[in-house]
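Student: Here is how the chains run, residue by residue.
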Amino acid sequence: MSFYGIVDGSESSLKHFLAQLPGVDQVGAEARAAMLATRSIKTTSKRWAIDTAISMVDLTTLEGADTAGKVRALCSKAVRPDPTDTTVPSVGAICVYNDMVAIARTHLDAIGGKHVPVAAVSTAFPSGRASMEVKIQDTQDAIDAGAAEIDMVIDRGAFLSGQYGLVFDEIVKIREVCGERAHLKVIFETGELVTYDNVRKASYLAMLAGADFIKTSTGKVAPAATPPVVLVMLEAVRDFYQMTERRIGVKPAGGIRNTKDAIKQLVLVNETAGPEWLTPEFFRIGASALLNDLLMQRMKMDDGYYASPNYVTID
Amino acid sequence: MASSKKVTSKAASRLEVKKTYKLYINGAFPRSESGRVYEVSNAKGGFIANPSLASRKDLRDAVVAARAAQSGWAKATAYNRGQILYRIAEMLEGRADQFASEISLANGVTLKRAQDEVATAIDRWVWYAGWSDKLSAAFGATNPVAGPYYNFTIPEPQGVIAVAPAETFLAFIDAIAPAIVSGNTVIALVPGSAAIAAMTFAEVLATSDLPAGVLNILTGSHDELAPWAASHMDIDGFDISGIDKKKRADLKVAGAENLKRIHSFDGAISPTRIFAFMEAKTVWHPIGV
Amino acid sequence: MTFEYAPAPESRSIVDIKPKYGHFIDGKFVPGKKHFATINPATEEVLSQISLGGQSDVDKAVLAAQKAYTKTWSKLSGKERGKYLYRIARILQERAREFAVLETLDNGKPIRETRDIDIPLVAAHFFYHAGWADKLDYAGLGKSPQPHGVAGQIIPWNFPLLMLAWKVAPALATGNTVVLKPAETTSLTALLFAEVCQQAELPDGVVNIVTGDGSTGAAIVNHPGIHKIAFTGSTEVGKKIARAIAGTNKKATLELGGKGANLVFDDAPLDETVEGIVNGIFFNQGHVCCAGSRLILQEGIADELIEKLKVRMAKIRVGDPLDKNTDLGAINSKEQLSKIQELASAGDSEGAQRWSPACTLSAKGFWFAPTIFTGVTQAHRIAREEIFGPVLSILTFRTPQEAIEKANNTPFGLSAGVWSEKGSRILWATQQLRAGVVWANTFNKFDPTSPFGGYKESGWGREGGKHGLAAYLKEGK
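Chains as they are written, first to last, in our numbering: chain B, 1 to 315; chain G, 316 to 604; chain L, 605 to 1081.
Same shape as in the complex, but just chain B (with noise of 0.2 Å):
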């Protein structure tokens, strides 16, 4: 592998690499973020901000009480969120655990969602802690079952450790078992990791380590996609393009709970990295209330009033 001519694969090379990285200054950071979510987003940019985050959504469910049935709803969802309006968009995926994807695949293929692809955690999610041969046999599972994407999580005590390498050749791995089957999230869980100096580390060692997106949480650990997180992230991306011209996509995941909250992460993207950013292939927003909340302030633009959520559907 080459990885992008940048790094040579060992750890030094990557130490090295990822020591003259700029630092991140938090207070800097944070009021750029702030900046940003003062935009007045309205009438047709909000409506077209709407349909975008909904088109972007990796709608999810992971949870130990997950079933088929569970599972079979959230399929039904993604593909007509709103049943009374066809207008809608479909989302930008499922997200579910790996032994449910089967029957995420089937039932979407049966029910007209054939366009819709299957994501899967992986890799022991949440916590990444289990042996390697488990997380490949875990990542290989998933993709036999039909998903396209897999969205793994980084070994986060390697990383607090030092250990950049051992990150780093996980994430080599994962990607080979991928290979042109599926595409790779690579989650950070920027809760744990704390600093944006780690954020921004981070970005680049998956991004050289061959992410397709990176992204920031695993949903069970808070916070999770705040705004400067995402914002340098955004910027890792950005002038990771300048250097080797690959388009890396970026994933917020968690704390996303409601339309402002999407259109302020859309604001993000339009002003850091560039509009090219937005669209389901190089962004996703990882949720499963938003997608109810996106509903009704799509109704309230439509009809003129605000709607209720007796009007739009649960799963």
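No lab work stands behind these hints, which were simulated from the structure alone.
Accuracy of the hints is not assured; some may be wrong.
Calculated pairs, BS3-like style, for lysine-lysine (alpha carbon to alpha carbon, straight line, at most 27 Å) [claimed, not checked]:
1) L/Lys928 / L/Lys622
2) G/Lys390 / L/Lys739
3) L/Lys671 / L/Lys855
4) B/Lys264 / B/Lys300
5) L/Lys928 / B/Lys300
6) L/Lys919 / B/Lys42
7) B/Lys42 / L/Lys968
8) L/Lys1070 / L/Lys687
9) L/Lys919 / B/Lys46
10) L/Lys855 / L/Lys739
11) L/Lys912 / B/Lys15
12) L/Lys1078 / L/Lys683
13) L/Lys679 / G/Lys427
14) B/Lys264 / L/Lys928
15) B/Lys264 / L/Lys912
16) G/Lys596 / G/Lys567
17) L/Lys1070 / B/Lys260
18) L/Lys1078 / B/Lys264
19) L/Lys687 / G/Lys427
20) L/Lys854 / L/Lys739
21) G/Lys596 / L/Lys1049
22) L/Lys747 / L/Lys679
23) L/Lys928 / B/Lys42
24) B/Lys264 / L/Lys687
25) L/Lys1026 / G/Lys596
26) G/Lys596 / L/Lys739
27) L/Lys1026 / G/Lys390
28) L/Lys739 / L/Lys968
29) L/Lys938 / L/Lys912
30) L/Lys671 / L/Lys687
31) L/Lys679 / L/Lys855
32) L/Lys679 / L/Lys854
33) L/Lys622 / B/Lys15
34) L/Lys679 / L/Lys1078
35) B/Lys42 / B/Lys300
36) B/Lys260 / L/Lys928
37) L/Lys675 / L/Lys622
38) L/Lys912 / L/Lys1026
All values derive from a computational prediction rather than experimental measurement.
Assemble chains G and L onto chain B, guided by the hints.
Tutor: Chains G and L in isolation, oriented as in the chain B frame:
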């Protein structure tokens, strides 16, 4: 349940809805876990109310609440703390009549004297509120050390402070305000008849922006609670201005166990009372290219 | 795939601008005589008629201020004075949106800035100073420091209400009374502030507002009844005032111009640095005395940083100041616009390279695109003279010492910025820089507790903090 003079009493035929007195811990109004109360009477011995008689376990719970609230309160900007405290003064002003009539009734003083006390207390509170963003100017410094170092001293709050004021509303205000303005959280041990106005004050707090746990009010006996506060290893400071002078030494002995900062103030009002419950942190940083 | 932001206008209906204004003297609005138009610089629409205060108006105002001082204000305890200021602060908070919209209409700056920065700081200044009124013994000026009496205050057009707050709040907190003249082009928020004084029941004559032009200002400066002058404006006028009061007993503080150096070392946090540079020169359209108008970059990172800066500048939204998404508003006046254009042309003719992102500027109103000049050296006019517009001059340095020398090589000394991740280097630089305000890894940050003012020709004295009180007090016994 409290009785108070109504400013305009219309038909004597209407029965008042009287207040039940509880404690104020962590932004809520629980009764004492001990179930005990004590009676407060007016000057003629007539019944006014049964405030809760707080126990050492209530104190323990209050300390837990105060500790949990302390880092958040200290992290708020000085401006924010000052604004929250000023707003409490606005609420106090609105209820000045209520406070005055309650004090007059419970403490057996004339209404005029009670009104003066309330006015002084409100102005005193405002005075303390205005200190929040001036403490560094008064107690901080940059120090010209003999070397290429930038050296500065910042005053910081100590943590959780217990106060045991004397049995008046003004003493109560004078004890709690200087402690919380700098970012400490407080447990107030309010004795005797002072419980009446103190719990009305708690109502003001409950409708203010003061976060839960920043100020906790335990009505009851100094003799019973002060020793427990003095020995509590998770209380950082203790204002014993309302404790009988003969009993102060024992409290200081107990407080020595965690080197509690124990102070009493019997005189003029000054920012010293604020600084008594602050620490000073000095930082060195080299200057060099 | 492009994300266009639809218009998001803040409503104007919250403000009620009268067709004509007089002055605010002795607690009342009194009619003026001669009037001139004040316009909205974004559209050139006439907003109102403002009175040109003459000698007799100034005389009446000073008399009212003197009477208020002697009979009322000096007799109040600090505690009571403070309460008036708290009331004013609270009413400003209540009417914050109204003031923000009015300021935007009159000045041309974006509503996002008036709403999120100017007006909140205004309230904070009154709040902070309210608390000093009864604590002056602790201000480090001896026991019982005394006010001067009547202060004459002349403020500029770039932060109209904020500059009013910087002047009025400490003056009143320390026990002085005030005659204040707002800038010609931006008098409306000062006149609305007078309403707030009435709502707060401030005693008559404590605050007096006389509108007008330079002649009105001169009448205030020269008035024998004024003991203390506070002026914010150009260095040129500041010098005139200094000459005018020489030989009198009048005290003055002057907050004048600047040509702030923003130093970027090669270990700066790059993305935040770019934000800081943009903020430093394009905030408030660059109409900022402490603007970071000279960017001095370590030569090794200059190219990379300038590229990043250009990408970032392309995202600056220039347009209707009342649109909530506007970043850069209108230039305050035709006069100011021609000054900016003149100096920018000098930049061209002296051989610097000009660059602006593509933007559509409205035909009506006064506009200037955000602009950078590269290849600038100390010898260029655009490196020496204050442009007071959205124009950044970019120079380079090789060593830290050279950076400091270039930064200090100016008759101004108001502000400077330092960008580096190395703490000791930052502190070293702040120690070397001859500037009254130094920002490290940030820029254009203001707080009522933080003293502000300049070295050298950037002025005399400080505003804000404990230091800012000194100008309004005489040492106690």
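Student: Evaluate each hint against the coordinates.
Tutor: Verification of the hints:
For the hint linking L/Lys928 to L/Lys622, the alpha-carbon distance of about 25 Å falls within 27 Å, and the restraint holds. For the proposed pair G/Lys390 and L/Lys739, the alpha carbon gap of about 24 Å is at most 27 Å, so the pair holds. Among the hinted pairs, L/Lys671 with L/Lys855 is consistent with the structure: their alpha-carbon atoms are about 20 Å apart, no more than 27 Å. At roughly 19 Å between alpha-carbon atoms, B/Lys264 and B/Lys300 fall within 27 Å of each other, so this suggested pair holds.
Proposed proximity of L/Lys928 and B/Lys300 is supported: the alpha carbons are some 22 Å apart, at most 27 Å. Taken as a hint, the L/Lys919 and B/Lys42 pair is honoured in the structure, with Cα atoms around 19 Å apart against an allowance of 27 Å. Of the supplied pair hints, the one linking B/Lys42 and L/Lys968 holds, its CA atoms being roughly 25 Å apart against a limit of 27 Å. Annotation: proposed proximity of L/Lys1070 to L/Lys687 holds, straight-line Cα distance about 19 Å (limit 27 Å).
The straight-line distance between the Cα atoms of L/Lys919 and B/Lys46 is roughly 19 Å, inside the 27 Å bound, and the hint therefore holds. A hinted pair counts as satisfied when its Cα atoms are at most 27 Å apart, and L/Lys855 with L/Lys739 qualifies at roughly 23 Å. The straight-line distance between the Cα atoms of L/Lys912 and B/Lys15 is roughly 25 Å, inside the 27 Å bound, and the hint therefore holds. For the suggested pair L/Lys1078 and L/Lys683, the alpha carbons sit about 19 Å apart, so the restraint of at most 27 Å is met.
Annotation: proposed proximity of L/Lys679 to G/Lys427 holds, straight-line Cα distance about 25 Å (limit 27 Å). Restraint check for B/Lys264 and L/Lys928: satisfied, since their Cα atoms lie roughly 15 Å apart, inside the 27 Å limit. A distance of roughly 23 Å separates the Cα atoms of B/Lys264 and L/Lys912; the hinted pair therefore holds under the 27 Å criterion. Straight-line distance between C-alpha atoms of G/Lys596 and G/Lys567 comes to about 25 Å, which keeps the hinted pair within the 27 Å bound.
Restraint check for L/Lys1070 and B/Lys260: the C-alpha separation of about 42 Å exceeds 27 Å, so the hint is violated. Pair hint L/Lys1078 plus B/Lys264 does not hold up; C-alpha atoms about 52 Å apart against a cutoff of 27 Å. The suggested pairing of L/Lys687 with G/Lys427 holds, with an alpha-carbon distance near 23 Å, which does not exceed 27 Å. Restraint check: the Cα-Cα separation between L/Lys854 and L/Lys739 comes to about 25 Å, which is no more than 27 Å; the hinted pair holds.
A hinted pair counts as satisfied when its Cα atoms are at most 27 Å apart, and G/Lys596 with L/Lys1049 qualifies at roughly 25 Å. For a cut-off of 27 Å, the pair hint linking L/Lys747 to L/Lys679 stands: about 18 Å separates their Cα positions. The straight-line distance between the Cα atoms of L/Lys928 and B/Lys42 is roughly 11 Å, inside the 27 Å bound, and the hint therefore holds. Between B/Lys264 and L/Lys687, the direct Cα distance comes to roughly 41 Å. Violation of the 27 Å bound is thereby established for this hinted pair.
Between L/Lys1026 and G/Lys596 the alpha-carbon distance is near 22 Å, which keeps this suggested pair within the 27 Å criterion. Straight-line distance between C-alpha atoms of G/Lys596 and L/Lys739 comes to about 24 Å, which keeps the hinted pair within the 27 Å bound. A C-alpha spacing of about 25 Å is found between L/Lys1026 and G/Lys390, which places the hinted pair at or below 27 Å, so the restraint holds. For the suggested pair L/Lys739 and L/Lys968, the alpha carbons sit about 51 Å apart, so the restraint of at most 27 Å is broken.
For the proposed pair L/Lys938 and L/Lys912, the alpha carbon gap of about 32 Å is over 27 Å, so the pair is violated. Note on L/Lys671 and L/Lys687: the hinted pairing holds, with a Cα-Cα distance of about 21 Å set against a maximum of 27 Å. The straight-line distance between the Cα atoms of L/Lys679 and L/Lys855 is roughly 23 Å, inside the 27 Å bound, and the hint therefore holds. Taking the CA atoms of L/Lys679 and L/Lys854, the gap is near 23 Å; set against the 27 Å cutoff, the hint holds.
Between L/Lys622 and B/Lys15, the direct Cα distance comes to roughly 66 Å. Violation of the 27 Å bound is thereby established for this hinted pair. Only pairs whose Cα atoms come within 27 Å are accepted, and L/Lys679 paired with L/Lys1078 is accepted, the gap being roughly 17 Å. Proximity of B/Lys42 to B/Lys300 is assessed by CA-CA distance (about 13 Å); at most 27 Å being required, the pair is judged to hold. With a C-alpha separation of about 16 Å, the suggested pair B/Lys260 and L/Lys928 falls inside the 27 Å cut-off, and the hint holds.
Simply put, L/Lys675 and L/Lys622 have alpha-carbon atoms about 33 Å apart, too far for the 27 Å limit, and the pair is violated. A threshold of 27 Å between alpha carbons decides the hint, and for L/Lys912 with L/Lys1026 the separation of about 22 Å falls inside it, so the pair holds.
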